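Novice: Sequence:
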Amino acid sequence: DGNAAALGCLNQLVTDALRHVAGCNAYLALLTEPTVFFFCAVPQAMAIATMAHVFNNPTVFTGVVKVTKAEACEAMAACKDMKTYTRWARRYTSAILARCQEDPVRFAEALPVVTAADEAFASA
Numbered sequence: 005d006g007n008a009a010a011l012g013c014l015n016q017l018v019t020d021a022l023r024h025v026a027g028c029n030a031y032l033a034l035l036t037e038p039t040v041f042f043f044c045a046v047p048q049a050m051a052i053a054t055m056a057h058v059f060n061n062p063t064v065f066t067g068v069v070k071v072t073k074a075e076a077c078e079a080m081a082a083c084k085d086m087k088t089y090t091r092w093a094r095r096y097t098s099a100i101l102a103r104c105q106e107d108p109v110r111f112a113e114a115l116p117v118v119t120a121a122d123e124a125f126a127s128a
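For the sequence shown, position 10 (counting from the first letter as 1) is numbered 14 according to the numbering used here, and the numbering increases by one without interruption.
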């Protein structure tokens, strides 16, 4: 089925991107100037939120799926420091993790990656 293959490809893209969360967090943790941190953290926050919206979401192929303006404002407010940013971002990795846990066989490859990303935010 083409739709299942497309959704599988999308999920793989999100999974691959989530492999970089720990490295991104390590980089952000090195930034000491608040304006530089904000400049670097906002795109990461928007990316995490977007991944949560698109993961295993077939609407991506038939409609519009995007981060709401309210979520974007929350992301910007959360990017004032590492602690607030990671707490905010973890909401989204936790949402992806919950979807993976609903069908651990189907998401066998994604589950450990998403778990690691979620733990990277928890321990940052």
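It is possible that some hints are incorrect.
Within a straight-line C-alpha distance of at most 25 Å, the following computed SDA-like cross-link-like pairs (lysine to any residue) qualify [as the list claims (entries may be wrong)]: (1) K87 x N60; (2) K73 x P47; (3) K73 x A102; (4) K87 x A99.
Quick caveat, the hints were computed from the structure, so don't treat them as lab data. None of these values were measured; they are calculated from a predicted model.
Novice: Which hint numbers does the structure go against, in order from smallest to largest?
Specialist: 1
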